[in-house]
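Colleague: As they're listed, the protein sequences go chains Z and L. Counting from 43, one number per residue, gives the positions in the first sequence under the working numbering. Counting from 70, one number per residue, gives the positions in the second sequence under the working numbering.
I should point out that these hints are in silico values taken from the structure, not numbers from a laboratory. Hints are not guaranteed to be accurate.
Beta-carbon label-pair distances, calculated as ranges [as the list claims (entries may be wrong)]: (1) Z:63 to L:249: 34 to 44 Å; (2) Z:61 to L:329: 20 to 30 Å; (3) Z:124 to L:147: 52 to 62 Å; (4) L:395 to Z:132: 22 to 32 Å.
Every residue, glycine too, gets a C-beta built ideally from N, C-alpha and C.
Now for the letters of each chain:
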Amino acid sequence: MSQTNLADILERVLDKGIVIAGDIQINLLDVELLTIKLRLLIASVDRAREMGINWWETDATLQGAGSDRELDSGQLERENRELRERLERLERQLGVGDGGSGESSRQGTRASDG
Amino acid sequence: MADGLAPWARKRGPELLARAEAEAVAVLRDALIDAALAERGGGVSTRPPLRQAAPEAAPERDVPSGEGLWAYCVLRAGEPLPDDVQGVHRASALERVKAGGLAAVVSRVPLAEFGAVPLRENLNDLAWLERVARAHEAVLDRALARSTIVPLRLCTIYESEQSVREMLERERESLTRALDALAGHQEWGVKLTADGDRLAEEARSRNQDVAVLEDELGSRTGGGAYMLRRRLERQVREAVDALGADLADQVHAELQDWSSDAVALPPQNPELSRHEGTMLLNGAYLVETDRVDGLRRLVAELEERHRALGASIELTGPWPPYNFLPGGRTAGLA
C-alpha cells in the first residue's frame, strides 16, 4: 500500500468539511496554534520565517540525522534540547510561548495516478 | 521533511551550538551560585534547587478515565461498516451508531489520550498527529470504497452513543443533503509542478521587455548596468510568476470543465511536501464516478501539452470529499 503525502491528508482532515461539534471541546487558542503550525507545513515556510514563526527550526527531532555535524556535538545538542524543554515548561507556567514541540514525521508519496 | 531541513540545519548548526553553549553556561552558573549559597547559609537561595523537578504546567490536570467515541464519517444507515481497517485507537473496533436513517462510523478511544486536555497536547505532537490523521483517513478510504460518506473533521469526539445519536438527529438535514449531493461522485487531487529553470527560460523568451533590457544591458557599464540588471531580474521574476499563474489557470480551467465542482488550494511547501520543481496548482476536483477515466486521460494530455515547461501533473484519489461538503469551508488555508 502506498504512503500518502501527509500534507495532503492534513490539509483535508483538519481544515475542511462540515463543522459538526463533538462533545469534547478543544481550546480554540490551541487549535489556532495548531492551525498556524500546519499552515507552515503546507503553505510557505519563507513567509512564516518573515513573520518570526519558526517553531520547527528549534525542534531537534525535525532536524533529523541528515546533517553531518560532528559526533561530539551530540552532547551539546542533547543539552540544548533539555534546556529548551525546561524553557518551554517555564514559558507554559508563565503563559507565554507556544509550549508545543512537534515531532518528526515521515513524508510519503501517494502513488501517482496520472 | 528532515531531508528538506537538513541544508538549513547545516547552515544554522554552529549558531545553534553556540546558543546551546551559552545556555549551558548560564545553567552551570546558576547551579554554582545555588551551591555556594547553600553552603554558606543553607536555604538562602531564592531560586528553587536546580535538581527539583519543575512543577507541571497544569497542576489541575488529572488524567481523565473512561472512553469517548471518535467519529469518522456519516453514511446512510443501510451502508456496511468499513472492514479490514483499524481505527485511531488500536484496541477498538469500528462500530455504527444509527439514528434518523443515518449512521456514524465510530470507535472507542480512551479519554486519557483523547480527552480535552491530553488531546490538546497531543495535537501539538506531530508524530501523534500523523499517526492519528493517517488512521482516520484510512478508515475513510475504506468507507469510501463502498459508500457515499460525509467525512468528519479530525477529533470529532463524543461522550456517549446517545450523544452521537443526538448529533445525527440535529444535523440530519445538512448531512442528508451532503450525501445526496456527493452520491456518484469522487474527489480527486491534482498537483501541477513545473521546472523552475525551464519556466524562467520560457518566460524570458516570451517577454519583450526582458529582451529589450538584455540588449540594453550589453551596452552599459558601472552603476547604470547595476540598476539595469536589478530591473531585469525583477522583470524576469514577474514574467516567470505570470507564466506560472497562466499555466495553472489553464490547467485548472480545463479540469474544472470536466468536473462537477472544483477548488484551488494553496500550493504546498516544497521543503515539506518534498515535491520537485515549482508547485503551480494544488487543486481538488469533484468528478462523477463514470468520468474518472476521462479525468485520467485529460491529466495525461495536459501534462503532455505543457511538457516544454517541465510540467508534471500528479493525480491522487479518490479522496474523502472534504473539499466539497455543502456549507463546509472551501477557502483553503492561505
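Colleague: If a hint holds in the structure, say so; if it does not, say that too.
Modeller: Hint-by-hint comparison with the structure:
1. Z:63 to L:249: 34 to 44 Å: Given a distance of about 23 Å, which is not inside 34 to 44 Å, the answer is violated.
2. Z:61 to L:329: 20 to 30 Å: holds (23 Å)
3. Z:124 to L:147: 52 to 62 Å: holds (56 Å)
4. L:395 to Z:132: 22 to 32 Å: Given a distance of about 47 Å, which is not inside 22 to 32 Å, the answer is violated.
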